[in-house]
Structures are given as C-alpha cells and as structure tokens.
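Trainee: One letter stands for each residue in the lines below.
2 protein chains.
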Amino acid sequence: MSKSPIYTPNPTLDLVLEREIDVPHELVWTAWTTPEHLVQWFCPRPWGVAECEIDLRPGGVFRTDMRSPEGQIFPNIGCFLEVVPQRKMVWTDALLPGYRPAPNPFMTAMLLLEPLSPERTRYTAIAIHKDPETRQKHIEMGFEHGWGTVLDQLVEHIKTKM
Amino acid sequence: MSKSPIYTPNPTLDLVLEREIDVPHELVWTAWTTPEHLVQWFCPRPWGVAECEIDLRPGGVFRTDMRSPEGQIFPNIGCFLEVVPQRKMVWTDALLPGYRPAPNPFMTAMLLLEPLSPERTRYTAIAIHKDPETRQKHIEMGFEHGWGTVLDQLVEHIKTKM
Chain A
0 MSKSPIYTPN
10 PTLDLVLERE
20 IDVPHELVWT
30 AWTTPEHLVQ
40 WFCPRPWGVA
50 ECEIDLRPGG
60 VFRTDMRSPE
70 GQIFPNIGCF
80 LEVVPQRKMV
90 WTDALLPGYR
100 PAPNPFMTAM
110 LLLEPLSPER
120 TRYTAIAIHK
130 DPETRQKHIE
140 MGFEHGWGTV
150 LDQLVEHIKT
160 KM
Chain B
0 MSKSPIYTPN
10 PTLDLVLERE
20 IDVPHELVWT
30 AWTTPEHLVQ
40 WFCPRPWGVA
50 ECEIDLRPGG
60 VFRTDMRSPE
70 GQIFPNIGCF
80 LEVVPQRKMV
90 WTDALLPGYR
100 PAPNPFMTAM
110 LLLEPLSPER
120 TRYTAIAIHK
130 DPETRQKHIE
140 MGFEHGWGTV
150 LDQLVEHIKT
160 KM
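Residue numbers (numbering that gives the first Met the number 0), protein chains in the order written: chain A, 0 to 161; chain B, 0 to 161.
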C-alpha cells in the first residue's frame, strides 16, 4: 500500500503558522492535551476558555468552548482524527465525537511538533479549509495574529508554569 | 483514559442494517476493500460503480462514484476514519482525502463484521447522520431496500465469484 502522506498542502485553501520556539516539544504536547493547561493559554486574552474536554483518541471529543470578554459563550466542539504522541495531532469540527457529521463545519486542523534540540521545537499549525472563501474568512477573523498570540501565550505558559 | 466506545447509537439520527449472512467474514472484508470486487456488487443493479479508489488507512480516499442506468455519474468521495482489518471500518463523506472538510457532507458510515462461525458472519452497517431531517431523507432515498439489495448482491458475489 502507498505510504505517501495523507495530507497534501494547498496554499489556496490552507493557512499555516510555523515557528521555532525555545521550549521542549514534550511540554508543548502536554500543554495542548491537558485541559488544566490548555484553558490557561488557548484563547487570545481577554478571551478565555469556558469549557474544555479532551478524549485523546480518534473519534474522541475535543471541546474548547470560548468565552468573550463580555461573557458570551461560543461553543467549539469536534473530534480527534489522528494522534501521534508528542509529534502530531489532527482534529476537525466537521465531525462531532463518534464521527457524527457536524452542523457547522469550518476546518480541520493539524499540529506538528519537531524536536530541534532538547529545548527547541519547530511548531507547525495548519488550518485546512474546504474552499478559498472559508480560508479568506479565517484570514479576516484574524488567523495570523490570533494563532500567533496564542503561541506566545503557550510559550509563556510553559516557561512560567510548567 | 476512558476506553468506552467512541460511537454512541442514536435511533433518531442513525439507520442500521443488521443481518446474519452465510459467508466467511474474511471474504466480506475482501469484497468491501478491493476495488475489483467492490465494483461488482456495491450499487443496486441496474446502477453501477463508475469509479472506485480505496486507500485503506485513516485519511485515505474512499471513492465509489455511481453510474445511473442512463449513464449519469454521481460522484461519491470521502475518506476512511478507522480501519480494523476484517472487523470494522468507518468512513465519511464529511471529509475528503487528507481530512479536508467536504462541500456536501451527508453521512458517516460504519461496517462491523462479527464471525459467528467459519462460514457465518453478523453483518452490521450503520449510517450516522447529523440531524433527523437527513436521516429521513436517507429513508426516502430507499436506505432499507437499497442497502439490503446491495447486501444480497454482496453475498451472491462472494458465493459465485470468490
């Protein structure tokens, strides 16, 4: 059987944030996959995480409901598709837990961690959309600034609290 | 970590075909996962399969384009989500190959094979929908008769050609 990569990058449909960060990849993985850690860095402040559930296996729930500064809740629920501990996770909001098709699909996302040294990590986060319009909407929602700010918060969280 | 089943049956959202059939589960698996076999039984005749692609791994393509008796082609493409050889496969048209969200999601499907003896198999096929309206539409499209006819064709194919 062909073992070519499952995902093919498509610059007209996807958005990518890639950065080298000076924290160990094991801690990045733990910060992403543990609700007690995730709620502390996952939303660009003053937004916050209202509710987080993580069942880290294909089909398992990944819930990260967001809370606006005014207190409004924005549900954000999907499921994991692939989990390679400390290296890769793929999830989508196109499927609810148990793989049930979701009412309002927006994207599939992929997190890739590559250890560069015991203290440095190449961090790649990819947002995979169905069409150029959805990608453009994500740009206008502030993909680059938002995901970048969140990564700053993640690094700070690891350095100060883990 | 909890190892409860990922999928929770929901009678108001899902449709199920369950039957005991007198063919070995290994041959059912082969007939489902090999394009040369699948094209011979997968559509209720006089419909046929115009094109079949199978990359049997999570995120891999599962294409079964259909051809009407008048020759019209109906594309049918999605990807696999879970593959347990000879026992279980899960796929969806809510995601294209590589997990990209699809333009027109309809369902996730699950095939379960349970060997009852070397020559008998409990065959369970489940269609998982996002809402009761989609389930109702699937009933009106002829789920029960269609999936039942296809199962008859599958058993006949195994008995006469494998």
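By construction, these hints were calculated from the structure, which means they are not laboratory data. A portion of the hints provided could be inaccurate.
Since the list gives no way to pick out one identical chain from another, each pair is judged satisfied if it fits inside one copy or across any two copies.
[Unchecked claim] Subject to a maximum C-alpha distance of 35 Å in a straight line, what follows is the list of computed DSBU-like cross-link-like pairs (lysine-lysine):
#	residue 1	residue 2
1	Lys160	Lys87
2	Lys87	Lys2
3	Lys160	Lys2
4	Lys158	Lys87
5	Lys2	Lys158
Trainee: Each hint needs a verdict: does it hold in this structure or not?
Mentor: Evaluated hints:
Only within a single protomer do Lys160 and Lys87 lie at most 35 Å apart by alpha-carbon distance; the minimum there is 23 Å, versus 43 Å between protomers. For the homomeric pair Lys87 and Lys2, the shortest alpha-carbon distances inside one copy (17 Å) and between copies (21 Å) are both at most 35 Å. For the identical chains of this complex, Lys160 and Lys2 are inter-copy neighbours only, at 30 Å across copies versus 39 Å inside a copy, given an alpha-carbon limit of 35 Å. For a Cα distance limit of 35 Å, the shortest separation of Lys158 from Lys87 inside one copy, 22 Å, qualifies, whereas the shortest one across copies, 43 Å, does not.
Proximity of Lys2 to Lys158 under the C-alpha cut-off of 35 Å is restricted to the inter-copy arrangement: shortest distance 33 Å between copies versus 37 Å within a copy.
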